[in-house]
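Engineer: Residue numbers (our numbering), protein chains in the order written: chain H, 1 to 276; chain U, 1 to 472.
These aren't lab readings, by the way, just hints derived from the structure by calculation.
Residues on chain H that point at chain U, a partial pick, calculated with CB under 10 Å:
1) E74
2) R80
3) F87
4) V106
5) T107
Where a beta carbon is used, it is the ideal one built from N, C-alpha and C, also for glycine.
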Amino acid sequence: MSSVLKVENLCVSIDEKLILKGVDLEVRQGEIHALMGPNGSGKSTLAYALMGHPKYELVDGRISIDGESLNELEPDARARKGIFLAFQYPVTVPGVKVADFLRHAVTNVRNPNRKEGEGLIPMREFRAELKSRMEELGIEPEFARRYLNDGFSGGEKKRMEILQLAMLRPKFAILDETDSGLDSDAVRFVSEAISRLAGPDMAIIIITHHERLLEFNRPQHTHVLLAGRVVERGDARLAHELHDQGYTGVRQRHPEAAAEEQAAADAGNRQPAAAR
Amino acid sequence: MATDLKTTDEEIGIGEYQYGFHDSTANYVFTARKGIDRDIVTQISEMKNEPAWMREFRLSSLEMFFRKPLPTWGGELRQLDFQDIHYYVKAAQGQERSWEDVPDEIRKTYDRLGIPEAERKYLAGVKAQYESEVVYGSLQEDLAKQGVIFTDTDSALRDHPELFRQYFGTVIPPADNKFAALNSAVWSGGSFIYVPKGVKIEFPLQAYFRINSENMGQFERTLIIVDEGASVHYVEGCTAPTYSSESLHSAVVEIIVKRGARCRYTTIQNWSSNVYNLVTKRAMAYGDSLMEWVDGNLGSRLTMKYPAIYLMEPGARGETLSIAFAGKGQHQDAGAKMVHCAPNTYSRIISKSISKTGGRASYRGLVKVANGATGCKSNVVCDALLLDSDSRSDTYPYMEIDEDNVVIEHEASVSKISDEQLFYLMSRGLTEAEASSMIVTGFIEPLVKELPMEYAVEMNRLIELQMEGSIG
Ligand SMILES: Nc1ncnc2c1ncn2[C@@H]1O[C@H](COP(=O)(O)OP(=O)(O)OP(=O)(O)O)[C@@H](O)[C@H]1O
Ligand SMILES: [Mg+2]
Numbered sequence: 001m002s003s004v005l006k007v008e009n010l011c012v013s014i015d016e017k018l019i020l021k022g023v024d025l026e027v028r029q030g031e032i033h034a035l036m037g038p039n040g041s042g043k044s045t046l047a048y049a050l051m052g053h054p055k056y057e058l059v060d061g062r063i064s065i066d067g068e069s070l071n072e073l074e075p076d077a078r079a080r081k082g083i084f085l086a087f088q089y090p091v092t093v094p095g096v097k098v099a100d101f102l103r104h105a106v107t108n109v110r111n112p113n114r115k116e117g118e119g120l121i122p123m124r125e126f127r128a129e130l131k132s133r134m135e136e137l138g139i140e141p142e143f144a145r146r147y148l149n150d151g152f153s154g155g156e157k158k159r160m161e162i163l164q165l166a167m168l169r170p171k172f173a174i175l176d177e178t179d180s181g182l183d184s185d186a187v188r189f190v191s192e193a194i195s196r197l198a199g200p201d202m203a204i205i206i207i208t209h210h211e212r213l214l215e216f217n218r219p220q221h222t223h224v225l226l227a228g229r230v231v232e233r234g235d236a237r238l239a240h241e242l243h244d245q246g247y248t249g250v251r252q253r254h255p256e257a258a259a260e261e262q263a264a265a266d267a268g269n270r271q272p273a274a275a276r
Numbered sequence: 001m002a003t004d005l006k007t008t009d010e011e012i013g014i015g016e017y018q019y020g021f022h023d024s025t026a027n028y029v030f031t032a033r034k035g036i037d038r039d040i041v042t043q044i045s046e047m048k049n050e051p052a053w054m055r056e057f058r059l060s061s062l063e064m065f066f067r068k069p070l071p072t073w074g075g076e077l078r079q080l081d082f083q084d085i086h087y088y089v090k091a092a093q094g095q096e097r098s099w100e101d102v103p104d105e106i107r108k109t110y111d112r113l114g115i116p117e118a119e120r121k122y123l124a125g126v127k128a129q130y131e132s133e134v135v136y137g138s139l140q141e142d143l144a145k146q147g148v149i150f151t152d153t154d155s156a157l158r159d160h161p162e163l164f165r166q167y168f169g170t171v172i173p174p175a176d177n178k179f180a181a182l183n184s185a186v187w188s189g190g191s192f193i194y195v196p197k198g199v200k201i202e203f204p205l206q207a208y209f210r211i212n213s214e215n216m217g218q219f220e221r222t223l224i225i226v227d228e229g230a231s232v233h234y235v236e237g238c239t240a241p242t243y244s245s246e247s248l249h250s251a252v253v254e255i256i257v258k259r260g261a262r263c264r265y266t267t268i269q270n271w272s273s274n275v276y277n278l279v280t281k282r283a284m285a286y287g288d289s290l291m292e293w294v295d296g297n298l299g300s301r302l303t304m305k306y307p308a309i310y311l312m313e314p315g316a317r318g319e320t321l322s323i324a325f326a327g328k329g330q331h332q333d334a335g336a337k338m339v340h341c342a343p344n345t346y347s348r349i350i351s352k353s354i355s356k357t358g359g360r361a362s363y364r365g366l367v368k369v370a371n372g373a374t375g376c377k378s379n380v381v382c383d384a385l386l387l388d389s390d391s392r393s394d395t396y397p398y399m400e401i402d403e404d405n406v407v408i409e410h411e412a413s414v415s416k417i418s419d420e421q422l423f424y425l426m427s428r429g430l431t432e433a434e435a436s437s438m439i440v441t442g443f444i445e446p447l448v449k450e451l452p453m454e455y456a457v458e459m460n461r462l463i464e465l466q467m468e469g470s471i472g
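Start from the sequences and build out the full structure, keeping to the hints where you can.
Structural biologist: Here it is, written out as structure tokens:
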């Protein structure tokens with residue numbers, strides 16, 4: 001039976017400021033969803049909140065997989081439940097080798113009941129698997145020995161996120177602008193790689209401002225965020241339309257949310273520079 | 001009764017310390033009464049059957065010790081009561097060449113510390129010092145045949161009197177500082193190494209220092225002479241049981257690296273949190289030689305240690321890699337000294353410190369370039385990582401540059417463990433403890449990767465142990 005990730009009335013604030021104002025979302029393993037919305041509408045916030053970032057406070061609502069709440073779970077526990085986030089801005093961890101980090105991560109995610117300090121997955125097996133995933137993604141083998149994202153170009157960082165996705169094989173993958181900062185060949189390459197990884201066991205939530213990723217990974221569902229609310233839903237055609245025409249139409253159809261968006265932007269601008 | 005595994009973990013907050021067990025002291029051969037005075041010093045010298053000159057050396061050093069004031073910089077020393085310490089404790093009768101002959105309880109301790117195993121696997125020679133005396137010693141036969149001497153310092157005084165007297169006390173005279181004077185008065189044990197011209201020792205020589213009894217002072221004295229074109233890697237490890245009262249470890253290490261020779265001295269100090277570790281280490285590096293200190297300070301209550309290299313002739317190079325880890329109730333005041341006495345000499349200091357749960361790590365370093373020492377280069381990098389807001393890090397870099405034509409670089413950074421790094425790693429399934437541990441391991445990686453494999457593994461393991469249970 002396929003799992004369902006359910007988000008109900010999710011309200012999230014950062015530093016006391018309410019960003020998400022009651023988001024609902026239902027994603028089933030195997031589905032592809034597009035999450036769209038203008039800059040600052042809350043897409044990354046939703047992604048971080050699903051992953052359990054400590055700074056993103058859940059003021060109301062519920063996140064669950066197959067009815068089991070994730071609200072109280074730390075990010076690592078959520079990862080072990082099958083959630084994965086490809087970061088919009090991957091973090092650099094100097095001195096930590098990609099292979100060492102991934103071996104640890106893969107061990108924990110594949111053996112969710114592993115106790116700290118228990119053995120890691122066998123080195124040979126892991127190396128072989130890592131090597132073939134890297135080949136498939138066109139990542140040079142030396143990257144396994146490099147320090148995590150340290151000195152990587154923007155495009156290399158994004159590929160590294162997809163490598164982690166390929167190794168961890170989550171049930172629910174959120175891709176936050178994985179296609180931004182890539183040249184057009186790389187976008188194509190990454191899009192194809194993702195479509196190969198997708199399948200009945202993985203749901204993909206794609207956050208993007210571009211078309212390419214969605215051409216290769218055609219969404220069954222599109223959700224449009226505006227000022228922290230889902231204001232429209234549709235299928236692949238809606239994503240296509242927004243890409244063509246921008247968000248003017250959405251704002252006209254939802255004047256209240258548009259006003260909130262404007263108010264938030266004004267508030268941001270009015271703040272003295274020192275406070276920002 | 002063999003070992004007592006009960007420790008006062010809760011009281012002193014070092015639940016992670018693995019070597020806090022101690023053995024019974026019932027069968028000890030001799031324990032000097034507590035305190036220090038002329039009688040004790042004379043008694044030590046007599047028990048060791050030393051020549052008169054050494055007794056005089058000890059007694060005059062004792063006078064210097066009494067005269068010199070406690071340092072007012074560095075760490076807090078006022079709680080250290082010099083009269084509440086046993087200055088000489090002899091646990092076993094003699095030094096053995098086979099582990100089978102070492103008294104059971106002592107041998108078991110070294111088994112638990114993994115020394116005999118390491119010896120079988122990758123060491124060229126071993127000295128095991130237990131309390132004041134060396135209880136076990138070995139050296140590969142082919143090295144002995146090539147004229148290598150690896151013995152305890154007491155035996156060296158007896159068996160190699162000329163060589164001994166030529167170098168002993170020449171690098172660090174008793175008057176150098178209060179603790180050097182104290183060591184000179186009551187020294188016992190330590191390693192004596194002589195590597196003849198051109199002999200390159202491939203595998204490390206290791207000494208292992210263990211304090212067992214309470215209120216114990218360990219004062220080993222190490223002297224290493226690396227003759228022209230020779231090379232050696234010497235490694236020392238140190239542990240002690242966890243007690244609620246203080247012990248004192250105050251060693252003196254003197255090294256002479258002759259023309260074209262190499263010496264690397266690696267310390268992995270992992271004393272329990274009741275040990276004051278006040279050590280003077282200094283090397284003289286002659287023409288085109290290389291001296292390296294690799295200094296890992298993970299334990300003790302207070303460590304004050306600044307391994308020094310005097311670059312005596314052109315082409316000499318000195319390098320110090322220092323790692324300090326200060327946990328709860330610990331102060332690591334560590335660093336390095338580089339003294340450029342000759343032109344075209346080179347030095348590098350890399351220091352990495354980590355402080356957690358209220359620990360304090362200080363880097364204290366000196367780079368000195370004498371007038372006329374033109375063309376010298378020195379590069380100092382010190383990075384500190386704070387794991388929480390209770391912990392503290394300070395940097396005291398001193399420069400005394402009396403020459404214009406030199407290149408001196410200094411960089412320092414202090415960083416906090418970042419929430420974004422933690423979140424990123426945790427989002428991949430690592431627990432908070434695993435993620436912190438990984439960030440710390442990454443932080444020291446540039447240093448650890450310079451170590452031979454076995455020691456790199458050991459260092460990472462110790463850091464992981466220190467990190468365990470650190471997340472509340
Ligand atoms: N750490 C923070 N502190 C304060 N406000 C924040 C923080 N992070 C995000 N916000 C605010 O939350 C709102 C939503 O931001 P979010 O990053 O989720 O937008 P987004 O939809 O991902 O935009 P983009 O398309 O530009 O990536 C924005 O107004 C942003 O300024
Ligand atoms: Mg975003």
